[in-house]
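Visitor: Got chain A sorted already, so can you dock chain B onto it with the hints?
Each chain, written out:
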Amino acid sequence: MKFPGTCIVCNKKIEINEMGLWAKGLGVKHQKCAEVNELQCIICKGSAGCSHCEFRENCDIQMVSQLCICKKCNEGKNPFDSYLKSVRQDFPHLNPKS
Amino acid sequence: MWSEKYRPQNISDMVGNEESRSSIIEWFTKWKKGTKPLLIVGPPGIGKTTIAYLVAKQFGYDMIGLNASDVRSKSQINEILSPVLGNNSVLGIPMIFVDEVDGIHGRGDFGGAEALIEILKEPTVPIVLAANSDTSDKMKSIKKVVKTIYFKPIPPRLLKVYLENILKKENTNIGPGTVIKIIDKSHGDIRSMINLTQSLVTGFNPQTEKSFESINVEDGINAFFKANSVDEARSILYSIQIDPKLKIDAFYSSIITSNLDKDTLAKLLEIISEADVLYGKIMTTQNWRLLRYLNEILIGIYQQDERIRYSQYNLSWPLLNRIRWDGKKIKALSSILAKKLHLSSSEFITMCFPYALFCIKNKKLEFELDENFDEIVQKEMELIQ
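Read top to bottom, the protein sequences are chains A and B. Take the first sequence: its position 96, counting from 1, is numbered 96 in this note's numbering, and each next residue is one higher. Take the second sequence: its position 356, counting from 1, is numbered 356 in this note's numbering, and each next residue is one higher.
By construction, these hints were calculated from the structure, which means they are not laboratory data. Given the structure is predicted, the values throughout are model-derived calculations rather than measurements. C-beta atoms are modelled at their ideal positions from N, C-alpha and C, and glycine is treated no differently. Do not take every clue at face value.
Claimed, not checked - Okay, derived cross-link-like pairs now, SDA-like style, lysine to any residue, Cα gap no bigger than 25 Å in a straight line: (1) B:Lys-181 / A:Ile-16; (2) A:Lys-13 / B:Glu-26; (3) B:Lys-144 / A:Cys-50.
Said to hold, decoys possible - Cβ pair distances, simulated, as ranges: (4) A:Pro-96 / B:Gln-241: 34 to 42 Å; (5) B:Ser-229 / A:Lys-72: 38 to 46 Å; (6) B:Lys-147 / A:Gln-62: 20 to 28 Å; (7) B:Trp-288 / A:Pro-96: 34 to 42 Å; (8) A:His-52 / B:Ser-273: 25 to 33 Å; (9) A:Pro-96 / B:Tyr-293: 30 to 38 Å.
Chain A with its partners taken away, still in its complex shape (with noise of 0.2 Å):
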């Protein structure tokens, strides 16, 4: 980079010559978090299965929260439930009881 920006994808620092990918009127981004294709499932720390999914093409991956459901543990017993709990394990800040 010839200047320094700040990464579209994980909105932290790109210093000056550090690789960058940028595109006019949308921004910048790490080499590495431009290479993201597929979201990670919350539940079994998998990988959520993007290109097999059926809101492929309705899913910006780069734009959308990075957090997801795998299909197996979507076809789980109350996987809203599973979700929940395994939001409130990885981020103790959500959980109410800490």
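Guide: Below, chain B alone, put in the same frame as chain A:
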């Protein structure tokens, strides 16, 4: 409404943007006088306002919620915020929340944005701002003095999980194809997704599964008067998402051209008038917060009435046809007659035209008119009988 019924009661009950939510809680936990205010940026309907209210509740703050339209001028800002910032509040521990802060524009605001920035530089109470976008020049100035946290659209599959949980609680079910369609149509907007689902489940337009958002005004108004309950009508009304003036006009033209008895017509027109007064007030004061009351006024129109159908024009078809086809001839005729009576055309047409027609009919006056006018004179004479 389901969107109210299932509004999260706790930050941990929300869906998506886990890191951002966690950062907001962290910011509140560490907050002390002088801490940079918080700016939450993200598209509509993903929980920016909800989290502000929930966090205030969780941390025991008395939230003073403002909209950008409340802080348009320096005097307005000082009037509203000075007592809070000066700790002169009779409330408990205050917290300021300014919604839609990106709606502040330079020229239209009378020092509002600058006054707000000055307050943001030295905060004495927690201040949270929300915006849909942070790209404008005004937002760039604001961003220099705040900590920005981004809220991103929620992945559709996560929305599906959330929606299916609501459907389960409602003890209802809709086809997987419909769920996908609803989620696609709502473009990550949770509120819109829930409203849309409720509309479908409660029975409106089940054959086509068209969303209310894409429904045209004609279908919306026809469905409104066919609705089986006030709740259903309200749901339809909220889903006719068009310019408020067009919405009022559409109801007006539909009612005025329907075959209603005088008392019903008077009652409905009174409500339309009330809605129009509100719209006028919004336009004069630019206080768009008042818009939230429009649908609640218009819901007063609801009555299951097959007689009322959507009409684009606020004049009946016979009258519209007459204006379209005969208007030109009437204008030409009145121009000739006005000259003969030494009057202006407008004076003649408003004051004398019907009497002139009577005189022609009773053969009291003989105008030497071209044969072309015979047909229109005959037509007009029939109408005044």
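Visitor: Each of the hints needs a verdict: does it hold here or not?
Guide: Right, here's what the structure says about each hint:
1. B:Lys-181 / A:Ile-16: 44 Å, violated
2. A:Lys-13 / B:Glu-26: 20 Å, holds
3. B:Lys-144 / A:Cys-50: Violated: Lys-144 of chain B and Cys-50 of chain A sit about 36 Å apart, past 25 Å.
4. A:Pro-96 / B:Gln-241: 34 to 42 Å: 35 Å, holds
5. B:Ser-229 / A:Lys-72: 38 to 46 Å: Holds: the Cβ-Cβ distance is about 41 Å, inside 38 to 46 Å.
6. B:Lys-147 / A:Gln-62: 20 to 28 Å: Between Lys-147 of chain B and Gln-62 of chain A, where Cβ atoms are some 23 Å apart, the hint holds.
7. B:Trp-288 / A:Pro-96: 34 to 42 Å: 35 Å, holds
8. A:His-52 / B:Ser-273: 25 to 33 Å: 56 Å, violated
9. A:Pro-96 / B:Tyr-293: 30 to 38 Å: 35 Å, holds
Of the numbered hints stated above, those contradicted by the structure are hints 1, 3, 8, listed in ascending order.
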